[in-house]
Every structure is written in structure tokens, then in C-alpha cells.
Amino acid sequence: MTLVVLAAATAFAVTCVVCEGPLVVSSLLVGMAAIVGTVTATIARDAIRSERARGRLADEQAALRHIATLVGSSAAPADVCASVAEAIARLFGADATFVARLDHPDDIGQGDPSLTIVGSYGLAATTAPAGTRPALLRSRLVHTALQTRRPARVDTGRDQTGPPAAIAARLGLRCAIAVPIVVGSRLWGVTIVGSAGDIEAGAERSIADFVELSALAIANSEADTAVTRLVEVQASLRRIALLIAEGEPPEVVFATVTREVLRHVGEDGDTARLMRFELDGTFTLLAHAGPDRPPGMAELPEILPIDGVLETVRRTGRPSRVGDYRTLAGGEPLVRQGVLAAAGVPVHVNGRLWGLTVIAARRPWLAPDLEARMTKFTDLVATAVADAQSRAELISSRARIVAAADETRRRIERDLHDGVQQSLTALALRLRAAAMDAAVRGETHDDASAGAADLMTIIEHLRELSRGIHPVTLSVSGLPTALRALARRAPVPMTVDVRFDERLPISLEAGAYYVVSEMLTNAAKYAHASAIEVMAETKDDMLTLRVHDDGVGGADPGGGTGLRGLRDRIEALGGSFDLRSPPGGGTTLTCRVPAGVLSPGARG
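When we follow this note's numbering, the leftmost residue of the sequence shown carries the number -17, and every step to the right adds one.
Check each hint, because a few of them may be wrong.
Said to hold, decoys possible - Okay, the calculated beta carbon distance ranges per label pair: (1) D538 <-> G251: 26 to 34 Å; (2) E375 <-> T210: 39 to 47 Å; (3) P565 <-> R481: 25 to 33 Å; (4) T210 <-> G312: 34 to 42 Å; (5) P473 <-> G540: 21 to 29 Å; (6) E375 <-> R168: 45 to 53 Å.
If you're looking for bench data, these hints aren't it; they were derived computationally from the structure. In this text, all values refer to a predicted model and were calculated from it rather than measured experimentally. From the three backbone atoms N, C-alpha and C, an ideal C-beta is built for every residue, glycine too.
Using the sequences and the hints, build the whole thing.
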């Protein structure tokens, strides 16, 4: 353009010289000099401006490359945001930069969104440090940027009023630009850039380029975090599944699940709990994790909100959440206890609503995917409950079988004692009487005497058989007396230390007696033991039975039906069976069986 103007001026001067003559030459030369001077100055300014623009562009590109390198090296988002703030301050004269995250993205379009400062730089570092929610975040500037997902600009001194303007004035900010942070397709937060002077026109686009790099760093970090979280969650789920597979008590599984739910789903200050619904409309708290006196967990109101989490889950059998109990009718008691939000996921066992897992929060918002993440753990609760019920049913069934077998033994023993044995005894007595009568008459009585002796031998065998089936002493006098009687007949020296005298449930007495009897037989027949020791005691509603011999050891509970049958009997009574039998080291069997609950058919 300047060249065109210069050419036009020269042509004009030549025309004037030709038309007007030499009298106007001097004045024309003066005019031309002025024009040339102006044009030259313009050319110089354009050159300087162009050079500065090239330099500015080079600086921007260098800063973008540096930050892109940080992102590519998986630098932490905080480090990337700090570098972005530094570059913006250097390139655009920013005096304060804020990076704020949306507390709950679903708030967009529903009034003022809640944001929290996650990074502040320059003047903002002391006025609005990380973790705060300054009023500036509720300004029209931020609202516009979030609503439109485009950069917004404002002169804070002219266009803003209220608390946001007061904060801007305190920081000495005149201009501000807000750029939304979009991670993928999700609105994550906003970057606010403020300056005490003017920010050049069109800076929004350049600042947005830097913010996009921040978003990329956040996306990378969240992806890494998601992978790490997935790995940790899967590890936790495997640990819980292993507890269930190993048959750990339900209370252990419940406590572990609740802790893991809080660790992977909750946040600082949250409380997780597991509850079982009862038939009378109440509930039982089975496990909780969180603060020692968790908000709303220690003492829930007697009347719960009809639309609260507990009642909704009980009524519908589906997940439920309350985003803010302050706005829920009847939620005031929970708010007073510190519960502002909660989410619950039902636990169904065999198609029936059994209970729920719930997260209670001190903040008025919850993550949108919270219920989905909780479900992975509540499914394991259902498995644990179903497994425990199946195990209890199996134990109960086995106990009934054992009780029925013991009753059959007792009936056979009674039939032998009261029927066959009595008849044979009577027959033996008659034969002896006949032999005595024959002797008095001087007649031969050898056959009668031999028959009577044979009958007495048979009767003694029947008595031994009867004792093996079910000893009368056990039914009449109890376990301590029966064990001492067994010791007197033992083929191996046997010491008995029974530290109680009370009667136990008859199925338990029978089980303990048969354990000792079988171990005595094994010690004499297979272990070649020279001594056997028996100890029995009751403590804390548990019977502990310990049998030890000094034989050759090497007993294998899986190698024969005897020991395996003993294990089945003890486990059917809900007890534990621990056999230690190192080769050459003797054999020790320790059984612990609940003694406080009567088994089916038992009496005490």
C-alpha cells in the first residue's frame, strides 16, 4: 500500500510540473517530501509490527511446543497447568490465572455450577488457593464460558457487579478471559485469566490453544487414573471373591466389602455401610467404614424420609440417590447429622431383596457413575450371603443326617440290649438251670453246660458290638464318664483329662466320643502307639477336643474312610478339624465345635 501511495504522489508531481511550470516545483517538492516522510514512517512501523508479530508468534509456538512436550511425557496436570499459566502471563501480560474444576458436571444448566479451584497462579495464588470456591467462579463471565463452551471476555471494572467484581477489584484486575476446559466431549472446568491492564484483542484464541493442552494433560491423567483404578478395583474384587471361596464368615466378608466400597467409590469424609432389611420393616447395620462416628450412621432418625435412599430402595428394589437432603422433605434430621447426599444399591439374594450398600456424603453432590461402581461390590455381597446360606443349609442337612444316624445307633443298641441280648441271657440261664438239674439227678449235662457257656460268649460279643454302636454309658451318664470308661477298656494306655462335668448336646457328645474311639483304634492298630492322651474342655461356648498319640505318625485324612468320616462328622456339627501327623512324630487331632447351640435332635 505504501508503494502505491508513493507512486501516485510521484505521478501527481510530474503532472503538475508539466501543467503548471517551474513556479510550483519548489512547493511540490516540499509536499512530496512530507508524503515520502509519512510513507517511510509507515513502512518502518509496519516492519517493526511485523517483526514483533513474527517474534510473538515464534514465542507462542515455542511455549506451545514446550507444553506439548510436557503433555507427551505424561507430566502431571498440575505441572502442565502451572506451565500454561506461566506462558500466558509472559505472552499476554496476565497477572492472575485460575484453573477450576466442576464439582458436578450435571449442574450445568441448573443454576450456578459448583466449581473448586485446583490451581492458582500469580496474584490468585494467595487470594484464591487450591481447594477454595471464591465468588469469582460464580461470575457471568464463567457462566457464559461454561454454557457456550467457548472463550468469553469481559472488562471486569465495567461489566461486573457484586462479589465477583469485589474480588476482581481486590486483585486489581481490569480485564478477564474465561476459557472452558473440555476433556474429550465432557465439560471439565474453566481457566480464568485476569490482567491489571488490557489484554490484546483476539487473545482468546491463543489462550484457548494453551488451555487445550491442559485439557489433553488432564485427559491423559484421567485415562491413567482410570486404568490404575480398574486394576485396583479388580484386585479388590479378587480378594473378596477369595474370602468367599475360602468360606470366611459373612461378617468378615461384609466388613471387607464395606471398606473396599469406601476406598474405591467414596471420598474423604464419606461413610459406607451395609444393611439388611428385616421383615418387620426395620434394618440391621452389618458393617460400616469411615469416620469413627460417621454422619448419620450412628443414630439414624426413627422416621426416615419417604423419598430417601433407604425407603426408596426398600420400596422399589432399585438403586437410589439423593443429591441434596437439604431440598428433600423430611431430610432435616439427616442434614443435622452431616449427611447432605447419599446413594444406595440393593443387594438381591436368590431374587429376593436382602439389603443394600449405601454411601453417605457430607457434600451435596455425588459422582454420576457411583451406583454402577458400587454394584460390582454388592454383587459379591449377594454371592457371599447366598454362599453362607447354602453352607448353613448344608451343615444343617449334614447335622440332621448325623443326628438321624446317631438315633439309629441308639435304637439298635436298645433293641440289642432290650431284645436279643435279654432273650439270649434268659436262654443261657435256663440252660444253666437245666444243667444243674441234670447234675442233681446224676444225668449227663455236658451239652447244656457248653451251650450256656457259648451263649454267654455270644452275649459278651453282643455287648461289645452294642458299645461300638452306641455306648449306654454315653446316653446315661454323658461324655466325661463315657471317655473314662473307654480308657479302662483301651488296648493302649490312655489318659483322659476332661475339664467339665455338664452335659452337652447329645449329637455333640456322640461326635466327640466317636472321634476319641476312632483315634484310639488307629493308634493301636496302625500307629503302634504306646500311649494316648485325651483332653476335653468347654470355654466360650466351644468344645475343644485334643487327642494325641506317640505313634509313627503319617496319618492321612484323605487316605481312608475313618479319618474322613470323622472330619465329616465334626464339620457337620459346625466345627473345625485339625490333624497334625508328621512321619515319626506322632499324631495330634484338635477339634473345636460350638457347644452352645443344640443340634437337631440334641438334648442337654
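Against the structure, the hints:
Checked against the hint of 26 to 34 Å, the C-beta distance between D538 and G251 comes to roughly 55 Å, which is inconsistent with it. Separated by about 41 Å at the C-beta atoms, E375 and T210 satisfy the suggested range of 39 to 47 Å. The hinted range of 25 to 33 Å is satisfied by P565 and R481, whose Cβ atoms lie roughly 31 Å apart. The hinted window of 34 to 42 Å between T210 and G312 holds, with their beta carbons roughly 40 Å apart.
Look at P473 against G540: about 26 Å separates their beta carbons, and that is inside 21 to 29 Å. Between E375 and R168 the Cβ separation comes to about 48 Å, which falls inside the hinted range of 45 to 53 Å.
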